[in-house]
Amino acid sequence: MATVGDVTPQRMAFTEALPLRSGATLADYTLVYETYGRLNADASNAVLVCHALNASHHVAGTYAGQERSEGWWDNLVGPGKPLDTDRFFVVGVNNLGSCFGSTGPMHPNPSTGRPYGTDFPVVTVEDWVDAQARLVERLGIRQLAAVIGGSLGGMQALAWTLRHPQRVRHCIAVATAPNLSAQNIAFNEVARRAIISDPDFHDGHYYEHGAVPRRGLRVARMIGHITYLSDDSMEEKFGRALRAAELGYSTHEIDFQIESYLRYQGDKFSEYFDANTYLLITRALDYFDPARDHGGDLARAFAVAREHRFTIVSFTTDWRFSPARSREIVKALVDNRIAVSYAEIDAPHGHDAFLLDDPRYHAMLRATFERIAAEV
Amino acid sequence: MSERKDLEVIARLVPQGARVLDLGCGDGALLAHLRDQRGCSGYGIEIADANVLACIRRGVQVIQLNLEEGLALFGDASFDVVLQLDTLQHVRNTRTLLRETARVGRIGIVSFPNFAHWPNRVRVAAGRMPISRALPYRWFDTPNVRFGTYADFAALAEDSGLQVTDSFGLLDGDIVRRWPNLRASVAVFRFERRDAP
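Taken in order, these protein sequences are the chains called A and B. Residues in the first sequence are numbered consecutively from 1, following the numbering used here. Residues in the second sequence are numbered consecutively from 1, following the numbering used here.
I should point out that these hints are in silico values taken from the structure, not numbers from a laboratory. Hints are not guaranteed to be accurate.
Unchecked claim - Going by beta-carbon spacing under 7 Å, a handful of chain A positions derived as facing chain B: (1) K331; (2) V334; (3) N336; (4) A339; (5) Y342; (6) A343; (7) E344; (8) A367; (9) R371.
As the list claims (entries may be wrong) - Just the calculated beta-carbon pair ranges, DEER-fashion: (10) G70(B) x A186(A): 26 to 36 Å; (11) G70(B) x H107(A): 48 to 58 Å; (12) G70(B) x G295(A): 19 to 29 Å; (13) E370(A) x N66(B): 20 to 30 Å; (14) G173(B) x L356(A): 41 to 51 Å; (15) L356(A) x D195(B): 44 to 54 Å; (16) A48(B) x I196(A): 41 to 51 Å.
Beta carbons are placed, not taken as given, at the ideal position from N, Cα and C, and that holds for glycine.
Bound conformation, chain B alone (with noise of 0.2 Å):
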């Protein structure tokens, strides 16, 4: 969430004042803005050491964590938000922290680069991996290790008993509701435990 009006759009996902966790927090920059502008307080889970760096320097919590080894330092249900934020595709274990991300806070915010934007499709169907903003490596050197599209995430998260309570898509920063798996370079669902009270 490197973009502005991105990071405003997900910021009005939160409610004002919510208990955060952000996984993959960065440079601290969605926190020390839900920190600003919404009340909110937390922590942020950074495993680089630049952006733990960053965090400190701007004063925000953060905890310097594999998010390949889970969540086992965190309690059920201690954080109204969890976010995992263009970090989905860089984990290999994705059902998993999705379940922990479930667990761990009552509502889920997830966004990641949506595979089947139609630009994607186009260079897939003339025989090349797409690149793109959402998608900027090359295939032999990207850091993400996970490609789904918008429509697989609805159906994992239905998989995994995950009730999705909000989901849409982003283009340059403006909320892409129609057509979104084909429209939105990037996904972003909001969703809560099925089971949740």
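Extracted from the complex, chain A is given alone in its bound form (with noise of 0.2 Å):
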């Protein structure tokens, strides 16, 4: 199938300061961001893209002369396919705390003068999305014609119609749930103690001291990395077999092919993404519960999206953000007589399911975009 091509990143800078939710505030910023297709002579066919933990701006097409450089959701956004450029002006952008080139703890704190570090503020969806909305209105776009995300990218479109629900009009949210329960609260933690308590953090400031906290990073990855995967497609995967004819019969050495995987996962892991960025997207993650501020009821809290239409869809097999969280959040929507279509996909490959190209799940996606074009 057609991709997008060739693409360039680009950058936009900020001079008014953005105040988050902690009561901080990011004195100036930059975000990086890349656009695919035309926006139409009315600005009506924007789609705005939300990334998910370890995702960037890179939503679709390659970097010129890279090998293997495709965005990450290539397979859902281009020319011809369900989120298709040859219709929609779709925006993907890299989140405040990032390490993908967007404002984050790498770059320097203008107050020191050093590079941010963990006095990075810490950043939440609620403030992702105040960031996207400016560079969204700098790009000349007074409403979207929806936004998409999975996962942590879902909670940022669920989050979009609460804090700006007269400036886009579809929400799409894949693979996530209203708030983190203690389980997943639970696997953040373990992450990052990994990273913290790795010699090589120096509180943070490893920058300046030439280190990366890499083992930590590696953990934390490989924590992270089993939440993605269902039971079932580990053992179709991986099972018990062995990298070697024969039991190694030690403690530190790989035995088991799932070893391996798991190790190379957090090797790779550990050589592109920033320490810092992990613990603030985790946090970014536990503190998302917009029924927090009412009272703990999520029907409450999305009575100001009453005017949206909304598609949610969950994995089977999801048991990191399982179908029973996404129905907390279509229930919530029934409860204020939303507009709501919600599809539970059979699919075997866990909360990662939402990145690959299942049939009946793009042929969803690719449907509720047709509906949405017939409107732009």
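Combine both chains into one complex, guided by the hints.
Okay, here's the thing in structure tokens:
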């Protein structure tokens, strides 16, 4: 299938301070973003794609001269694809605190001149959405046709309808949850402790020490990765398969293929991801809880989103954000008589399914975007 | 309710502008009809992927759920009408779902194949299970798990505390009010909760 081809990230600097949920402000900042397709004359065909934990603004297309540089949702976004760039103007934006170009903990803190490190303010899903809204405005888009995201990206898509209800029409939230469960937070906390207890962490100021807390990052990624896969898919892919013919009778060498796979994932991740970013993003996940401002009543939180249309998708084998969590969102919408469609895709891949191209899943999203395209 | 005439008969039972929940809404044809012709809104419930997709293509709001798990998603009397058309025979916990229908909707409308339609009786009298337009499957590959008659449902409604406000049969899209238990291939009941205000 066709792709959007080679793309170039763009940068936009903001000098108006961004007030954050924590009470802190970010004095000035830069957002890195990419766009695909063309904005139509009345700017009604824009779709914002929100990224999850380890992704970025690079949603679709490739970088010239770079092998395997396809965007993270390239199977969904492109000419003739479910989110069709021949019809929509698609925007991917890198969130604040990330390590892929937008202002983050590795950038200089204007008040000290040193990299922020752990002094980078704690940013929330709502803060990200507020920053995205400014970018969207500067791109000349008064109202998005849709906002879409999976997992943490889905939380941002939901938050858009709550923070900026007048500025988006359709929300598509995939494999997400209305907040994190104790178990979800527990996994995040183990990952954070792995990073923080790495001797190379230096209280988050490792940049100045020329160090990288790789060991912590590796373990953090290994833990995270387990939660992205279903028990069945792990069993099918690895089972108890051994790397060698015989057991090694060693407590620290790799015997099982699953160990090898997790170590590989951890190693790869620790080469490109930033430890402070990992801490910030897992915290943003922990803090997301739109019901909290409404006495724990999610339906009351969504009362402002009455004019929106929602599409909620979950995957049966996703135990990180299970279908039951998506149904909580659907219930809150139904209680408000909000237009919502909900699909529960019977895919075997667990949480990761939202990034894959299961035909039922993609047909659903294609049909949804065709309805949206008919209105723009 | 694949047949157009049946669909229109049922649609006429739904008040103009009603909030409708359609349990087992299939490809969303009835909900689209109610939306376009009668200004209704609401949701369809479906379990089959292909039907969910068909609903989305039509712009019908659809929620993918297994009806066997009940209607916990929906509050009491949150819909004007709950439809359960050609669905009853596919569901195991018939009685629970009937009660849920009455809880969630002010009005419930149920339709299902009438096993007591006379050609079915003749077929059973001849010692074989019936096969007809309303009951098109062979006994060993039918998706139906419940078989009942017009008269059986009237008794179940009574037993379940439902006030039947209208009931009739359908045969080839025509309403049958005289001897429906014998003469109709499809039974239709419109009911409310007896304790409803």
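Right, here's what the structure says about each hint:
1. Below 7 Å, beta-carbon pairs count as interface contacts, and K331(A) has one with chain B at about 5 Å; its hint therefore holds.
2. Interface restraint check for V334(A): the shortest CB-CB distance to chain B comes to about 6 Å, inside 7 Å, so the restraint holds.
3. About 11 Å separates the beta-carbon of N336(A) from the nearest beta-carbon of chain B, more than 7 Å, and the hint is not met.
4. Here the hint on A339(A) is kept, as its CB sits about 5 Å from the closest CB of chain B, short of 7 Å.
5. Because the smallest distance between the Cβ of Y342(A) and any Cβ of chain B comes to about 5 Å, under 7 Å, the interface hint for this residue holds.
6. A cut of 7 Å between beta carbons decides the hint on A343(A): the least distance to chain B is about 5 Å, and the hint holds.
7. The beta carbon of E344(A) is positioned within 7 Å of a beta carbon in chain B (closest approach about 5 Å), and the interface hint is therefore held.
8. The beta carbon of A367(A) is positioned within 7 Å of a beta carbon in chain B (closest approach about 4 Å), and the interface hint is therefore held.
9. Nearest Cβ of chain B to the Cβ of R371(A): about 5 Å, under the 7 Å cut. The hint holds.
10. Under the hint 26 to 36 Å, the C-beta atoms of G70(B) and A186(A), about 31 Å apart, fit the expected range.
11. A C-beta distance of roughly 52 Å is found between G70(B) and H107(A), which places it inside the suggested range of 48 to 58 Å.
12. A beta carbon spacing of about 26 Å between G70(B) and G295(A) agrees with the range 19 to 29 Å that was offered as a hint.
13. The hinted range of 20 to 30 Å is satisfied by E370(A) and N66(B), whose Cβ atoms lie roughly 27 Å apart.
14. About 45 Å separates the C-beta atoms of G173(B) and L356(A), a value consistent with the hinted range of 41 to 51 Å.
15. Evaluation of the 44 to 54 Å hint for L356(A) and D195(B) yields a pass: the beta carbon distance comes to about 50 Å.
16. With their beta carbons about 48 Å apart, A48(B) and I196(A) fall inside the hinted range of 41 to 51 Å.
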